[in-house]
Amino acid sequence: LLQAGPSSDRMDFQNRAGGKTGGGGVASAADAGVDRRERLRQLALETIDLQKDPYFMRNHLGGYECKLCLTLHNNEGSYLAHTQGKKHQANLARRAAKEASEQPYLPVPQASKVETKKFVKIGRPGYKVTRERDPATGQQALLFQVDYPEIADGISPRHRFMSAYEQRIQPPDKRWQYLLFAAEPYETIAFKIPSREVDKHESRFWSLWNPDTKQFFLQVPFKLERMDSRMDDGLGAPPPSMFLGAGVPAPPPPMFLRY
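Heads up: the sequence shown begins at 1 in full-length UniProt numbering, then just goes up one per residue.
One should not assume that every hint holds.
[What the hints assert, rightly or not] Lysine to aspartate or glutamate pairs mimicking EDC-like chemistry, simulated, CA-CA at most 20 Å apart:
| # | residue 1 | residue 2 |
| --- | --- | --- |
| 1 | K87 | E65 |
| 2 | K214 | E166 |
| 3 | K67 | D53 |
| 4 | K214 | D134 |
| 5 | K67 | D49 |
| 6 | K117 | E99 |
| 7 | K67 | D31 |
| 8 | K174 | D199 |
| 9 | K117 | E76 |
| 10 | K128 | E150 |
| 11 | K121 | E202 |
| 12 | K52 | E65 |
[As the list claims (entries may be wrong)] Listed next, with one range per pair, are the computed distances between beta-carbon atoms:
| # | residue 1 | residue 2 | range |
| --- | --- | --- | --- |
| 13 | T71 | E46 | 18 to 28 Å |
| 14 | R95 | K118 | 52 to 62 Å |
| 15 | P172 | A96 | 50 to 60 Å |
| 16 | G154 | P54 | 55 to 65 Å |
| 17 | K98 | S78 | 22 to 32 Å |
| 18 | M57 | D31 | 25 to 35 Å |
| 19 | M162 | T47 | 16 to 26 Å |
| 20 | E46 | K86 | 31 to 41 Å |
| 21 | E46 | K67 | 29 to 39 Å |
| 22 | P54 | M162 | 55 to 65 Å |
| 23 | H60 | P107 | 44 to 54 Å |
| 24 | I122 | R175 | 27 to 37 Å |
| 25 | D49 | L180 | 27 to 37 Å |
In case anyone wonders, no lab produced these hints; they're calculated from the structure.
Values in this document were obtained by computation on a predicted structure and should not be read as measured data.
Yeah, the Cβ is synthetic: ideal placement off N, Cα and C, and Gly gets one too.
Please model the complete structure; the sequences and the hints are all you need to start from.
Pasting the structure below:
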């Protein structure tokens with residue numbers, strides 16, 4: 001009689017088909033499948049939250065059911081292994097296709113189009129530039145008057161300041177900035193002015209559009225600086241009165257830029 005040793009209840013891997021002495025033997029396809037499913041089950045248990053699965057249900061017997069495939073499972077690991085199988089994945093694809101076919105067709109709403117008004121340009125407007133100086137404080141300003149006799153109905157003139165580095169007509173120069181005026185159907189014009197800080201206090205910086213005379217006024221005051229700074233920025237020494245009088249050379253005509 002053969003006596004059972006301490007390892008008689010273990011599987012004999014040494015004498016399996018394809019095995020060799022000292023080796024664990026070659027696992028069959030079934031064993032490899034079992035091992036793969038077990039690894040998938042462990043991975044699913046760590047990464048998947050069953051509480052968010054709409055098809056996971058626990059029955060009154062303590063087991064688990066898949067409401068999509070109508071299958072029973074003894075534990076969560078068995079259910080998770082089922083969700084990775086072909087049957088569950090095929091049912092998921094079938095359910096998604098059915099829901100897509102039953103969903104009513106909704107036309108894509110078209111974005112509202114804003115019609116851009118197009119005007120035929122009729123040239124540049126007339127203008128007048130006056131240099132000003134406050135006799136009390138010596139603050140300098142420029143008064144712009146732009147004439148728009150043929151301005152379109154419902155249009156008001158607009159203006160804005162542009163940095164020398166924003167424009168693409170001339171090489172940028174930090175000593176200058178540009179003041180633009182626009183009103184359809186006239187071309188947009190720009191004045192090249194010193195790059196000084198503008199005093200935008202409401203009592204000094206103001207604009208006015210006169211719809212009767214079709215004239216637009218804009219006063220641009222500059223903040224006070226030292227005398228040598230004013231001499232360097234191109235405006236020169238301030239005149240003795242608010243408006244330049246006779247005998248004082250007129251300022252050079254502003255340079256127009258087309259945009």
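Right, here's what the structure says about each hint:
1. Between K87 and E65 the CA atoms are separated by roughly 14 Å; this keeps the pair inside 20 Å, and the hint holds.
2. Proposed proximity of K214 and E166 is contradicted: the alpha carbons are some 30 Å apart, above 20 Å.
3. Straight-line distance between C-alpha atoms of K67 and D53 comes to about 10 Å, which keeps the hinted pair within the 20 Å bound.
4. For the suggested pair K214 and D134, the alpha carbons sit about 27 Å apart, so the restraint of at most 20 Å is broken.
5. Restraint check: the Cα-Cα separation between K67 and D49 comes to about 17 Å, which is no more than 20 Å; the hinted pair holds.
6. Our distance criterion of 20 Å between C-alpha atoms is broken by K117 and E99, whose separation comes to about 46 Å.
7. For a cut-off of 20 Å, the pair hint linking K67 to D31 is broken: about 29 Å separates their Cα positions.
8. Under the criterion of a C-alpha separation no larger than 20 Å, the hint pairing K174 with D199 is consistent with the structure, at around 19 Å.
9. For the given pair, K117 sits about 67 Å from E76 by alpha-carbon distance, which is inconsistent with the 20 Å threshold.
10. For the hint linking K128 to E150, the alpha-carbon distance of about 17 Å falls within 20 Å, and the restraint holds.
11. Between the alpha carbons of K121 and E202 the distance comes to roughly 33 Å, so the proposed pair goes past 20 Å and is violated.
12. At most 20 Å may separate the alpha-carbon atoms for a hinted pair to count; K52 and E65 meet this at roughly 15 Å.
13. Checking the proposed 18 to 28 Å range against T71 and E46 shows it holds: the Cβ atoms sit about 23 Å from each other.
14. Distance hint check for R95 and K118: the Cβ-Cβ separation is about 53 Å, which falls inside the suggested range of 52 to 62 Å.
15. In this structure the hint that P172 and A96 lie 50 to 60 Å apart at CB holds, the actual value being about 58 Å.
16. Between G154 and P54 the Cβ separation comes to about 58 Å, which falls inside the hinted range of 55 to 65 Å.
17. A C-beta distance of roughly 27 Å is found between K98 and S78, which places it inside the suggested range of 22 to 32 Å.
18. The hinted range of 25 to 35 Å is satisfied by M57 and D31, whose Cβ atoms lie roughly 32 Å apart.
19. Between M162 and T47 the Cβ separation comes to about 57 Å, which falls outside the hinted range of 16 to 26 Å.
20. At roughly 23 Å, the beta-carbon separation of E46 and K86 lies outside the given 31 to 41 Å, and the hint is violated.
21. Taking 29 to 39 Å as the suggested C-beta distance range, the pair E46 and K67 does not conform, at roughly 24 Å.
22. Remark: the range hint 55 to 65 Å for P54 to M162 is upheld by a beta-carbon distance near 59 Å.
23. Checked against the hint of 44 to 54 Å, the C-beta distance between H60 and P107 comes to roughly 47 Å, which is consistent with it.
24. Between I122 and R175 the beta carbon distance is about 33 Å. The supplied range of 27 to 37 Å therefore holds.
25. For the pair D49 and L180, the beta carbons lie near 60 Å from each other, so the given range of 27 to 37 Å is not met.
Hint violations for this structure: numbers 2, 4, 6, 7, 9, 11, 19, 20, 21 and 25, all remaining hints satisfied.
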